[in-house]
Amino acid sequence: MENKTPLSPHIQIYKWHISSLVSISHRITGIINIIAITFICLLASALIFGESNYEFINLFLSSFLGKFIMLGITWSFSFQILSEIRHLIMDFGYGFELKTTKITGLIVIFGSIVLTISFYLIGKNFF
Amino acid sequence: MVQINLPKNSQVQKGKYFKDKTGSKNLRKINVYRWDPSTGENPRIDTYEVDMDNCPSKVLDILNKIKNEIDPTVAYRRSCAHGVCGSCAMNMGGKNGLACTTPHAEISGDIDIYPLPHLRVKKDLIGDLDGLYRQYQSIEPWLKSNSKSDKTEIIQSKKDRKKLDGAYECIMCACCSTSCPSYWWNGDKYLGPAVLLQAYRWIVDSRDDERESRLKKVADELKLYRCHTILNCTSACPKGLNPAKAIAEIKKMLATVNL
Numbered sequence: 001m002e003n004k005t006p007l008s009p010h011i012q013i014y015k016w017h018i019s020s021l022v023s024i025s026h027r028i029t030g031i032i033n034i035i036a037i038t039f040i041c042l043l044a045s046a047l048i049f050g051e052s053n054y055e056f057i058n059l060f061l062s063s064f065l066g067k068f069i070m071l072g073i074t075w076s077f078s079f080q081i082l083s084e085i086r087h088l089i090m091d092f093g094y095g096f097e098l099k100t101t102k103i104t105g106l107i108v109i110f111g112s113i114v115l116t117i118s119f120y121l122i123g124k125n126f127f
Numbered sequence: 001m002v003q004i005n006l007p008k009n010s011q012v013q014k015g016k017y018f019k020d021k022t023g024s025k026n027l028r029k030i031n032v033y034r035w036d037p038s039t040g041e042n043p044r045i046d047t048y049e050v051d052m053d054n055c056p057s058k059v060l061d062i063l064n065k066i067k068n069e070i071d072p073t074v075a076y077r078r079s080c081a082h083g084v085c086g087s088c089a090m091n092m093g094g095k096n097g098l099a100c101t102t103p104h105a106e107i108s109g110d111i112d113i114y115p116l117p118h119l120r121v122k123k124d125l126i127g128d129l130d131g132l133y134r135q136y137q138s139i140e141p142w143l144k145s146n147s148k149s150d151k152t153e154i155i156q157s158k159k160d161r162k163k164l165d166g167a168y169e170c171i172m173c174a175c176c177s178t179s180c181p182s183y184w185w186n187g188d189k190y191l192g193p194a195v196l197l198q199a200y201r202w203i204v205d206s207r208d209d210e211r212e213s214r215l216k217k218v219a220d221e222l223k224l225y226r227c228h229t230i231l232n233c234t235s236a237c238p239k240g241l242n243p244a245k246a247i248a249e250i251k252k253m254l255a256t257v258n259l
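Protein sequences, first through last, are from chains B and H. Residues in the first sequence are numbered from 1 upward in steps of one, following the numbering used here. Residues in the second sequence are numbered from 1 upward in steps of one, following the numbering used here.
Among the chain H residues that face chain B by a calculated CB cut under 10 Å, a handful are:
#	residue
1	12
2	37
3	127
4	230
5	240
No lab work stands behind these hints, which were simulated from the structure alone. Since the structure is predicted, the reported quantities are computational estimates derived from the model, not experimental observations. Beta carbons: idealized from backbone N, C-alpha and C, even for Gly.
With the rest of the complex left out, here is chain B:
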């Protein structure tokens, strides 16, 4: 009998809220960041083995794909940091009102984009 009763639909039908979106993105960016840090460490340690490596890495990072990856990593780090601050505030027991969670969630989403752009511009010596 137990196997015959169906399971009611869940993630397929549940509406996304800003808070749930930020929460799942926090996890995804967390995983990306672990991979990214490993990747950056590998690049850095490759430098030990000579100039040709440096040239190769330099070429890679200035290619479109390299730039895209680095920008993506920048966004992922920005998002993670802002979201982590949000979580820290919540750990102190603040910011649980529905309206506040919406506002802080939006700050995390748009703040991460603003941070990414400003990091890019800083890299370009824009300021």
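Knowing the structure of chain B, use the given hints to seat chain H on it.
Showing chain H alone in chain B's frame:
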């Protein structure tokens, strides 16, 4: 474990279409999840055209109208129709709530009505809440006092009484627990927002003498810390309570109190 897809026997199929017979111009399509345990078939979505000119304002009114006038085989729980009993908790327009307090005007487009998410379905819109009630029992939701006298009341200050506001109003409708993705994936071990809010209600009660053992009981990687502040619970609560904050308060107590 996380399982995004529904099992094979739970996949929803297209069902019957009930065309309007009243000739009304103000029609609305209502999609209702149906499953009949007496047949071996998969669940299906039946669509009803409902005359909105002669329908009161809440989603429960639509369901009553369907049951009374169109299709008497629809099964759903309901009792008080005032948002007090918590029977008619279901998923409407992608959000959990009480059908009797959710205005259908707040939902745009066709109205999708499902049972509470990630439950074993008993019939149509009725989900099996046994697991949740067992978890509720496990936190021992009653007063445990060392007070010897059973003839006098246990005095509580106004300040202490105030701590229970926002916790005692819970009607255990399970809207919050069944909205929580963490509870979907780990519902057998994680207590879920509804039960944790009740745990909190007894932990902060000044008349209760078992505070420490209550705290120790919930201090568990799976029972409590599966809450990742997704906050679906708070946005789902039809009584405007804040289970997420209660869970955060329990976590805070565990971090600061020396057990």
